[in-house]
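Asks: Here are the chains, one letter per residue:
Number of protein chains: 2
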Amino acid sequence: MSKKLTKRSEDYSKWYNEIVVKADLAENSGVRGMMVIKPYGYAIWEKMQAELDRMFKETGHENAYFPLLIPKSYFSKEASHVAGFAKECAVVTHYRLKNDENGKGIIVDENAKLEEELIIRPTSETIIWDSYRKWIQSYRDLPLLINQWANVVRWEMRTRLFLRTAEFLWQEGHTAHATKAEAIEETEKMQNVYATFAENFMAMPVIKGVKTESERFSGALETYTIEALMQDGKALQAGTTHFLGQNFAKAFDVKFTSKEGKLDYVWATSWGVSTRLMGALVMTHSDDFGLVLPPKLAPIQVVIVPIYKTDEQFDAISAKAEEMVKEFRKKGISVKYDHRRTHKPGWKFAEYELKGVPLRIAIGPRDLENGTLELARRDTLTKEIVSQENISNTIANLLDEIQDNLFNKALEYRNNHITEVNSFDEFKEVLENKGGFILAHWDGTAETEEKIKNITKATIRCIPLDAKDEEGKCILTGKKSSKRVLFSKAY
Amino acid sequence: MSKKLTKRSEDYSKWYNEIVVKADLAENSGVRGMMVIKPYGYAIWEKMQAELDRMFKETGHENAYFPLLIPKSYFSKEASHVAGFAKECAVVTHYRLKNDENGKGIIVDENAKLEEELIIRPTSETIIWDSYRKWIQSYRDLPLLINQWANVVRWEMRTRLFLRTAEFLWQEGHTAHATKAEAIEETEKMQNVYATFAENFMAMPVIKGVKTESERFSGALETYTIEALMQDGKALQAGTTHFLGQNFAKAFDVKFTSKEGKLDYVWATSWGVSTRLMGALVMTHSDDFGLVLPPKLAPIQVVIVPIYKTDEQFDAISAKAEEMVKEFRKKGISVKYDHRRTHKPGWKFAEYELKGVPLRIAIGPRDLENGTLELARRDTLTKEIVSQENISNTIANLLDEIQDNLFNKALEYRNNHITEVNSFDEFKEVLENKGGFILAHWDGTAETEEKIKNITKATIRCIPLDAKDEEGKCILTGKKSSKRVLFSKAY
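Residue numbers (my numbering), protein chains in the order written: chain A, 8 to 498; chain B, 8 to 498.
In short, the hints are calculated from the structure, not lab data. One or more of the hints may lead you astray.
As the list claims (entries may be wrong) - In silico BS3-like pairs for lysine-lysine, Cα to Cα no more than 25 Å straight-line:
1. A:Lys355 to B:Lys266
2. A:Lys303 to B:Lys64
3. A:Lys105 to B:Lys54
4. A:Lys187 to A:Lys257
5. A:Lys120 to B:Lys120
6. B:Lys141 to B:Lys14
7. B:Lys416 to B:Lys241
8. B:Lys241 to A:Lys64
9. B:Lys11 to A:Lys29
10. B:Lys338 to A:Lys105
11. A:Lys64 to B:Lys338
12. B:Lys416 to A:Lys64
13. B:Lys105 to A:Lys120
14. A:Lys54 to A:Lys64
15. B:Lys333 to A:Lys64
16. A:Lys435 to A:Lys464
17. A:Lys416 to A:Lys458
18. A:Lys21 to B:Lys141
19. A:Lys215 to A:Lys441
20. B:Lys390 to B:Lys14
21. A:Lys486 to A:Lys464
22. B:Lys141 to A:Lys111
23. B:Lys303 to B:Lys390
On a predicted model such as this, the values are computed, not experimentally measured, just so you know.
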């Protein structure tokens, strides 16, 4: 397979699909809309998981596991939730197959029909709150701070690897609290955890805000979001945290006795990020040569490639390389020495460029003589000859520098693509020619939001938490507005 | 809820169910046969996962993820596999629900029927080998060493928490090799990984062997197993590794070009352990007072309980306790200081006994004066007063000692319950009165195996790898036999 990619400027969407497949991150499977996450892609996801899991535990959460299948009737218990989730879903109706008597292979056994259909979880609020009823009696049982790592299924009609798949992997936090204030505090805390993870690990700047009513999670009173900007000027919702009020407690009858001896419904939150973050990671940093990975999430941070002609040269270089490998690992740097003699250096260079390995070391006979090596940075595509002395320090510092550089580059791009507009013509013009986030006044109604979406395909990504009070007029209706909201086309 | 358990001698099965629920490991959900794994139980599973994952990676395996749903037709491709797995399974037939026009709530939308039914994976050989066809062309692509952590569904009619559930969590390794010898070597290597994990981490001795033809995995040429013995004298199959020959390669047309340029089918293995190990862990070590956990898998290895009357005493004890907590954590010992003032020490003692925390420290005002503390071991139920000096070393050594003690105790029990018999009467007598493993001669036929099973409910657990050559006669038919095999009733 050719390693050459379509250029972003030619066809961004095609470039994305090619990079995901050619860098061995994921591919389509024989099941419509469901992907196979390949080892290299999964290794990045594992790094994301490990870090998020650490952050969740540090903030007092524990993991648990709830059933994959949810009885249909559970969905009907929370009215707005069913409207949002029970529609496009995978329905289990039977529990047995049998051999066809007419020799047509295996068929569904009609005698094995379930009394009540089971839905593959699109999200787990209902089945979890059905358990919480048994777990919560008193204020002493609160807060209940639980997270689950799981697969979910939503029957999406148009799918794209990582960005929108019928099955995806995610984590879903579900917490229960004695007071409204504490639940809101938890919602905000987890939004901050997500923002910190996105910025410090994915090197992806995000804008924190709250969703408008029409963009809220089905069943939530408030949805907080972090919004990132991709290189094609479209936004991507990277993580949401929901304040659910007492909706699920009421639907599943979860009450507790307060310190004062009063019986009340429990307050809830839920929050999640998914393998969609993999798509965001690819689209934030990668270039026309392939994947670019922030060092903190790169499965391989440094690769060493030997340049040799004779066996003696290979042996001498290998001895030096193995020495470096040991030294790097001691520093916690993940390194691979690619000693395959079946592949040429040029082929290897292209391979690791495509796969986004942050640093590449090439070492040849002359380097051995001179005590040097060639060091290539994936982010800047620059090369330099450096001394072998203190090489592990050089590498460790460079990895930090690359992590920072990627964040700053993405931040600069993002900041250059936040445009304030004051009329609908200007709005359409920016959307058409520049893209990115647009800060504009809006009259606060769902009708106007809907109209703008129908005309331009742009949606309100969020009402930024740091939005300043500012008198203005709605770009569509001219009605009064007290702050600007963030519009964009989005994934 | 009362913390008192049914005694093992009264009703072993009831004791098991109670311990799982009362120690907060798991509980039944609203979905038939599917369990909720509670945080404490999940924390133990996470420790198992972390260690197994480390061992898999150390032996060169990578993780990946394949779809949850498998097209029905995939199962028909490998004849014996479909017979074993496609029968009792969850079948997805529709992809949408809708509001009933007659106001009966949400119903299945008959217009959203899938063209081909999808099966929730009971195991993933078929969907994985469908991918491997695309991944493997040359000997250079081999070996392919992949593992997946996933949930699977098998529609079991009679379920028990952890031991047999309709949905369970597991890992499934699926490897592809250029030669038969290499595939067999991999099968044996992974059996050894499982045995090492069971013995060194779960403190559960196992017997390594191969299954008889009738007990083999559907689609395997050889199934290797590790068999453990529970305290009620019944065996539990703790992990299996399968040599699949070229069966799946042929079914999914996976060929490779060898070094010599010849085209051949790929050789395969698969291997898995599941949350069933949680049941094995409980039944190997626990007693009438509750769970007993080997330190290497205990989420909390040491708990500190303050004994006090006044606030001053509480504060002084807390200062000392916090100091110990820091010291223990530095040594990698997981510790909890239970400073809740809402619960009495006696209540806490019972709680941690029930939950199997290996060591309990109680510390009161007199201990502060004397520089001592009370140390209680969960495995032996003994207490002693020890000096606070070097306490973290004392604890670290004791944790090792407890780990060893649990293994040795289980080993002694297991060894005392391997009985050689030479007649069918003797066989039935031992099975009835003593239980455990029975080593007996068998004529090697599936007919005899089946007859013995029908008469006694005992099955051949395995042909032990270390079985000695020994002339003998089959206990049922009197026909010639060259080695003894291992019988037992089993979970």
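Asks: Each hint: holds or not?
Replies: Tested hints:
{"no.": "1", "hint": "A:Lys355 to B:Lys266", "in the structure": "21 Å, holds"}
{"no.": "2", "hint": "A:Lys303 to B:Lys64", "in the structure": "20 Å, holds"}
{"no.": "3", "hint": "A:Lys105 to B:Lys54", "in the structure": "39 Å, violated"}
{"no.": "4", "hint": "A:Lys187 to A:Lys257", "in the structure": "14 Å, holds"}
{"no.": "5", "hint": "A:Lys120 to B:Lys120", "in the structure": "15 Å, holds"}
{"no.": "6", "hint": "B:Lys141 to B:Lys14", "in the structure": "55 Å, violated"}
{"no.": "7", "hint": "B:Lys416 to B:Lys241", "in the structure": "17 Å, holds"}
{"no.": "8", "hint": "B:Lys241 to A:Lys64", "in the structure": "38 Å, violated"}
{"no.": "9", "hint": "B:Lys11 to A:Lys29", "in the structure": "59 Å, violated"}
{"no.": "10", "hint": "B:Lys338 to A:Lys105", "in the structure": "57 Å, violated"}
{"no.": "11", "hint": "A:Lys64 to B:Lys338", "in the structure": "20 Å, holds"}
{"no.": "12", "hint": "B:Lys416 to A:Lys64", "in the structure": "35 Å, violated"}
{"no.": "13", "hint": "B:Lys105 to A:Lys120", "in the structure": "19 Å, holds"}
{"no.": "14", "hint": "A:Lys54 to A:Lys64", "in the structure": "16 Å, holds"}
{"no.": "15", "hint": "B:Lys333 to A:Lys64", "in the structure": "18 Å, holds"}
{"no.": "16", "hint": "A:Lys435 to A:Lys464", "in the structure": "10 Å, holds"}
{"no.": "17", "hint": "A:Lys416 to A:Lys458", "in the structure": "34 Å, violated"}
{"no.": "18", "hint": "A:Lys21 to B:Lys141", "in the structure": "21 Å, holds"}
{"no.": "19", "hint": "A:Lys215 to A:Lys441", "in the structure": "22 Å, holds"}
{"no.": "20", "hint": "B:Lys390 to B:Lys14", "in the structure": "23 Å, holds"}
{"no.": "21", "hint": "A:Lys486 to A:Lys464", "in the structure": "21 Å, holds"}
{"no.": "22", "hint": "B:Lys141 to A:Lys111", "in the structure": "28 Å, violated"}
{"no.": "23", "hint": "B:Lys303 to B:Lys390", "in the structure": "21 Å, holds"}
The earlier numbered hints that this structure contradicts are 3, 6, 8, 9, 10, 12, 17, 22.
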